[in-house]
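Once you have looked at the hints, place chain X on chain P.
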Amino acid sequence: MPSWGNLQPLSTEFYTLLRYGLFLVLLVHLPVIGYLIGGSTVSLLMNFLGKEKGDPAFRRFSKELMETVLIGKPALFMFGLIPLMLVWFVYARILFEATPLPWPFWSAILGILVVGIVLLHLYRAAWDRAPDLPPFHIETGIAGLLAVVLAFFLFSNGYGILFDPEKLPLLQKQIRFLLSWNAVVKFLLFLAFFFGMTGGVILFWGGRSREEPSGTDAAYRGFVRDCGATLAFLAALSLPVFVLFDLITLPAIALSAVVFATSAVVLLLSLGVCVILSLASGTEEGGPGARVLALYVLIFLAILVHDHAAVGNAYQDRIALLSMQAKAAEAEPAPQKPREEPAGAGKTAEDRGKAVFESVCAGCHRFDMKVVGPPLGEVVPKYGGDVEKLKDFLRNPGKVNPDYPSMPKLGLPEEEIDAVARYLIDRISRGGSS
Amino acid sequence: MNPRKPTILIAVSGYFGLCLLLTAALGYSWYRAGLAPDQPIAFPHTIHVTTLNLPCNFCHLFVDRSRHAGAPPLETCMSCHRAIATERDEIKKLTRHYEENRPVEWVRVYSLPEHVYFSHKRHVKAGVDCSECHGKVGAMKKIRRVGSLTMGWCVSCHRVRGAPRDCATCHK
Numbered sequence: 003m004p005s006w007g008n009l010q011p012l013s014t015e016f017y018t019l020l021r022y023g024l025f026l027v028l029l030v031h032l033p034v035i036g037y038l039i040g041g042s043t044v045s046l047l048m049n050f051l052g053k054e055k056g057d058p059a060f061r062r063f064s065k066e067l068m069e070t071v072l073i074g075k076p077a078l079f080m081f082g083l084i085p086l087m088l089v090w091f092v093y094a095r096i097l098f099e100a101t102p103l104p105w106p107f108w109s110a111i112l113g114i115l116v117v118g119i120v121l122l123h124l125y126r127a128a129w130d131r132a133p134d135l136p137p138f139h140i141e142t143g144i145a146g147l148l149a150v151v152l153a154f155f156l157f158s159n160g161y162g163i164l165f166d167p168e169k170l171p172l173l174q175k176q177i178r179f180l181l182s183w184n185a186v187v188k189f190l191l192f193l194a195f196f197f198g199m200t201g202g203v204i205l206f207w208g209g210r211s212r213e214e215p216s217g218t219d220a221a222y223r224g225f226v227r228d229c230g231a232t233l234a235f236l237a238a239l240s241l242p243v244f245v246l247f248d249l250i251t252l253p254a255i256a257l258s259a260v261v262f263a264t265s266a267v268v269l270l271l272s273l274g275v276c277v278i279l280s281l282a283s284g285t286e287e288g289g290p291g292a293r294v295l296a297l298y299v300l301i302f303l304a305i306l307v308h309d310h311a312a313v314g315n316a317y318q319d320r321i322a323l324l325s326m327q328a329k330a331a332e333a334e335p336a337p338q339k340p341r342e343e344p345a346g347a348g349k350t351a352e353d354r355g356k357a358v359f360e361s362v363c364a365g366c367h368r369f370d371m372k373v374v375g376p377p378l379g380e381v382v383p384k385y386g387g388d389v390e391k392l393k394d395f396l397r398n399p400g401k402v403n404p405d406y407p408s409m410p411k412l413g414l415p416e417e418e419i420d421a422v423a424r425y426l427i428d429r430i431s432r433g434g435s436s
Numbered sequence: 076m077n078p079r080k081p082t083i084l085i086a087v088s089g090y091f092g093l094c095l096l097l098t099a100a101l102g103y104s105w106y107r108a109g110l111a112p113d114q115p116i117a118f119p120h121t122i123h124v125t126t127l128n129l130p131c132n133f134c135h136l137f138v139d140r141s142r143h144a145g146a147p148p149l150e151t152c153m154s155c156h157r158a159i160a161t162e163r164d165e166i167k168k169l170t171r172h173y174e175e176n177r178p179v180e181w182v183r184v185y186s187l188p189e190h191v192y193f194s195h196k197r198h199v200k201a202g203v204d205c206s207e208c209h210g211k212v213g214a215m216k217k218i219r220r221v222g223s224l225t226m227g228w229c230v231s232c233h234r235v236r237g238a239p240r241d242c243a244t245c246h247k
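For the protein sequence lines, the chains are P and X, in the order given. Positions 3 to 436 (the working numbering) are the ones given, in order, by the first sequence. Positions 76 to 247 (the working numbering) are the ones given, in order, by the second sequence.
Chain P with its partners taken away, still in its complex shape:
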């Protein structure tokens, strides 16, 4: 298995691209997984209630809803499974300093998700095959749902790491640091959104069947819309709690004004959902379905922007460092403003060299003692009188002796470099000391 964690990201731009990539992948992946979880839960609940109450409307709703949830194998593969692998790749590159989430972790999520989807397919297919539902029908569905929820819970914990880089060194040693309150809150926040979105979809769909678009009975459609409205309303009521707990549990470095603002936007949009549903009567035709669904789409976008901003905050230093390193690597020494008059202008070459030495070098160097840099009496003789070699170093200084900090670029004009290099070599050859 390739060790993704050892790969260095190519550049700051690549890093930013990865963050936007993650945004897009989640934009596609989460609604699919969300509707899978939300729709299956409602279907199972209705199936169970239908069995208890003996009302055929419940079971019909359960069956028809399940048909919309499993949107077809290619689509589930495209939007449910492939994005998950992309997230793995993005993670490995974003968390380039460590390999905190090994491939078995992502494979486990993928495996559990596939098992869950297969079980839910079996649950759905039973309706088509038998006139009477087989034994353990609901149980199969529940097992499938639990598997999908478990996969999503694990995914949320992996996702949570992105907000808390402080944990990376700990995670490298013990995987249990994956669990965090913030990840649990995020899991619940997304679940609340999933149910709200499912409620919006059900309300929008409103029990219309493909075979008889207008002919279905009004009582059934009213029942379906009521279910959708209740779900959307309750989810909107629960969202603020998770949004607040998310703000409380987010590490301080992930916070910023944008993060708070997007949280407030989620609250206002949820309020909008509640107001629309309180004003409208769920049973009327052409009801608030489209508006509620649109608000849930906006809530989803606000949550993603919120998370995107928080990840950006948490990693801003790492990104800044990358960009500085990239600049340093490509850069010529930054051209400094030439001084109005070169030090020691109009004097003899030796005077000029001495003047440059005193105004520039003497801040850090003496001939016979260590100041910031090493004593020149020790280091200049290493050039063996080679003025050009010393000039090369002065044009492009760096770290030579690990005991000292690296010498900064001086940005001196060529004639000053020449003057001071000659002065230093001269003085050493004369056996000078300060």
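Each hint should be verified, as a subset may be incorrect.
Claimed, not checked - In silico lysine to any residue, SDA-like type, Cα no more than 20 Å apart, as pairs:
{"hint": "1", "chain 1": "P", "residue 1": "LYS169", "chain 2": "X", "residue 2": "SER154"}
{"hint": "2", "chain 1": "P", "residue 1": "LYS65", "chain 2": "P", "residue 2": "ASP219"}
{"hint": "3", "chain 1": "P", "residue 1": "LYS393", "chain 2": "P", "residue 2": "GLU380"}
{"hint": "4", "chain 1": "P", "residue 1": "LYS401", "chain 2": "X", "residue 2": "SER154"}
{"hint": "5", "chain 1": "X", "residue 1": "LYS217", "chain 2": "P", "residue 2": "LYS384"}
{"hint": "6", "chain 1": "X", "residue 1": "LYS168", "chain 2": "X", "residue 2": "LYS217"}
{"hint": "7", "chain 1": "P", "residue 1": "LYS175", "chain 2": "X", "residue 2": "ARG234"}
{"hint": "8", "chain 1": "X", "residue 1": "LYS167", "chain 2": "P", "residue 2": "CYS366"}
{"hint": "9", "chain 1": "P", "residue 1": "LYS175", "chain 2": "X", "residue 2": "GLY222"}
{"hint": "10", "chain 1": "P", "residue 1": "LYS53", "chain 2": "P", "residue 2": "ARG126"}
{"hint": "11", "chain 1": "P", "residue 1": "LYS372", "chain 2": "X", "residue 2": "LEU149"}
{"hint": "12", "chain 1": "X", "residue 1": "LYS216", "chain 2": "P", "residue 2": "ARG320"}
{"hint": "13", "chain 1": "P", "residue 1": "LYS175", "chain 2": "X", "residue 2": "ASP204"}
{"hint": "14", "chain 1": "X", "residue 1": "LYS217", "chain 2": "X", "residue 2": "VAL184"}
{"hint": "15", "chain 1": "P", "residue 1": "LYS175", "chain 2": "X", "residue 2": "CYS205"}
{"hint": "16", "chain 1": "P", "residue 1": "LYS372", "chain 2": "P", "residue 2": "GLU390"}
{"hint": "17", "chain 1": "X", "residue 1": "LYS80", "chain 2": "P", "residue 2": "LEU281"}
{"hint": "18", "chain 1": "X", "residue 1": "LYS200", "chain 2": "P", "residue 2": "PRO171"}
{"hint": "19", "chain 1": "P", "residue 1": "LYS175", "chain 2": "X", "residue 2": "ARG236"}
{"hint": "20", "chain 1": "P", "residue 1": "LYS169", "chain 2": "X", "residue 2": "TYR185"}
{"hint": "21", "chain 1": "X", "residue 1": "LYS216", "chain 2": "P", "residue 2": "GLN318"}
{"hint": "22", "chain 1": "P", "residue 1": "LYS175", "chain 2": "X", "residue 2": "GLY202"}
{"hint": "23", "chain 1": "P", "residue 1": "LYS372", "chain 2": "X", "residue 2": "PRO147"}
{"hint": "24", "chain 1": "P", "residue 1": "LYS175", "chain 2": "X", "residue 2": "LYS217"}
{"hint": "25", "chain 1": "P", "residue 1": "LYS401", "chain 2": "X", "residue 2": "CYS134"}
{"hint": "26", "chain 1": "P", "residue 1": "LYS329", "chain 2": "X", "residue 2": "ARG236"}
Stated by the list, open to error - So the derived list for chain X, only partly shown, Cβ under 10 Å to chain P, looks like this:
{"hint": "27", "residue": "LYS80"}
{"hint": "28", "residue": "LEU101"}
{"hint": "29", "residue": "LEU136"}
{"hint": "30", "residue": "PHE137"}
{"hint": "31", "residue": "ASP139"}
{"hint": "32", "residue": "CYS155"}
{"hint": "33", "residue": "ILE159"}
{"hint": "34", "residue": "ARG183"}
{"hint": "35", "residue": "CYS205"}
{"hint": "36", "residue": "VAL212"}
{"hint": "37", "residue": "GLY213"}
{"hint": "38", "residue": "SER231"}
Honestly, the hints are just simulated from the structure, not real lab data. We put the CB at the ideal spot given by N, CA and C, even for glycine.
Then chain X, alone, in the frame of chain P:
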């Protein structure tokens, strides 16, 4: 109109209003906490750490010798800045402090409560990298607090590294 509607609307608005207030309060407390306070002199760690490659203990002299890392004495700054970048406003400010023999009152970014005993020396000697607690300081133009400094955070690291977890280790 359903007679219960106004009641529901008022209840829902009150609930969301309260949640919005709490969000605002959390935002305000985050803002007040000032994780990246303004400093009397805009000292860029970026230049000193990343560009110049100065080791942390070049300025924080006591980090491996004392409980406190210590802000550098002005002489340390002046040993270079007598000659380097003297035309800059911030360096002029620094020079004035030095000439008037008036220490710079840096605003503290990391502080622990009194009942916590913490020694930089022990942590440096144990091989904990500065960045594990202070983050990528070399990328911070203005220093900001990175570590949460909560007890759970300390204990997690102590557990992972096999450091003592006795109460008296930190609470003398």
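Each hint, compared with the structure:
1. LYS169(P) x SER154(X): violated, 38 Å
2. LYS65(P) x ASP219(P): holds, 17 Å
3. LYS393(P) x GLU380(P): OK: LYS393(P) and GLU380(P) at ~17 Å, within 20 Å.
4. LYS401(P) x SER154(X): Roughly 19 Å separates the two Cα atoms, so the pair holds.
5. LYS217(X) x LYS384(P): violated, 39 Å
6. LYS168(X) x LYS217(X): holds, 17 Å
7. LYS175(P) x ARG234(X): holds, 10 Å
8. LYS167(X) x CYS366(P): Measuring from Cα to Cα gives roughly 18 Å; hence the hint holds.
9. LYS175(P) x GLY222(X): Within the cut-off at roughly 19 Å; holds.
10. LYS53(P) x ARG126(P): holds, 16 Å
11. LYS372(P) x LEU149(X): OK: LYS372(P) and LEU149(X) at ~18 Å, within 20 Å.
12. LYS216(X) x ARG320(P): holds, 13 Å
13. LYS175(P) x ASP204(X): This hinted pair holds, its Cα atoms lying about 16 Å apart.
14. LYS217(X) x VAL184(X): Status holds; Cα separation ~11 Å.
15. LYS175(P) x CYS205(X): holds, 18 Å
16. LYS372(P) x GLU390(P): violated, 25 Å
17. LYS80(X) x LEU281(P): holds, 7 Å
18. LYS200(X) x PRO171(P): holds, 18 Å
19. LYS175(P) x ARG236(X): Holds, at roughly 9 Å.
20. LYS169(P) x TYR185(X): holds, 19 Å
21. LYS216(X) x GLN318(P): It holds: about 12 Å lies between the C-alpha atoms, which stays within 20 Å.
22. LYS175(P) x GLY202(X): holds, 16 Å
23. LYS372(P) x PRO147(X): Satisfied, since the Cα-Cα distance of roughly 18 Å is no more than 20 Å.
24. LYS175(P) x LYS217(X): Violated, at about 31 Å.
25. LYS401(P) x CYS134(X): With Cα atoms ~18 Å apart, LYS401(P) and CYS134(X) stay inside 20 Å; holds.
26. LYS329(P) x ARG236(X): Judged against 20 Å, a Cα distance of about 36 Å means the pair is violated.
27. LYS80: At about 6 Å, which falls below the 10 Å cut-off, the nearest Cβ of chain P leaves the hint on LYS80(X) intact, so it holds.
28. LEU101: With a minimum Cβ separation of about 5 Å from chain P (threshold 10 Å), the hint on LEU101(X) holds.
29. LEU136: Since chain P brings no Cβ nearer than about 13 Å to LEU136(X), farther than 10 Å, the hint is violated.
30. PHE137: violated, 18 Å
31. ASP139: violated, 15 Å
32. CYS155: holds, 6 Å
33. ILE159: holds, 6 Å
34. ARG183: violated, 16 Å
35. CYS205: violated, 13 Å
36. VAL212: holds, 8 Å
37. GLY213: holds, 6 Å
38. SER231: OK, holds: SER231(X) within 10 Å of chain P, min 5 Å.
The earlier numbered hints that this structure contradicts are 1, 5, 16, 24, 26, 29, 30, 31, 34 and 35.
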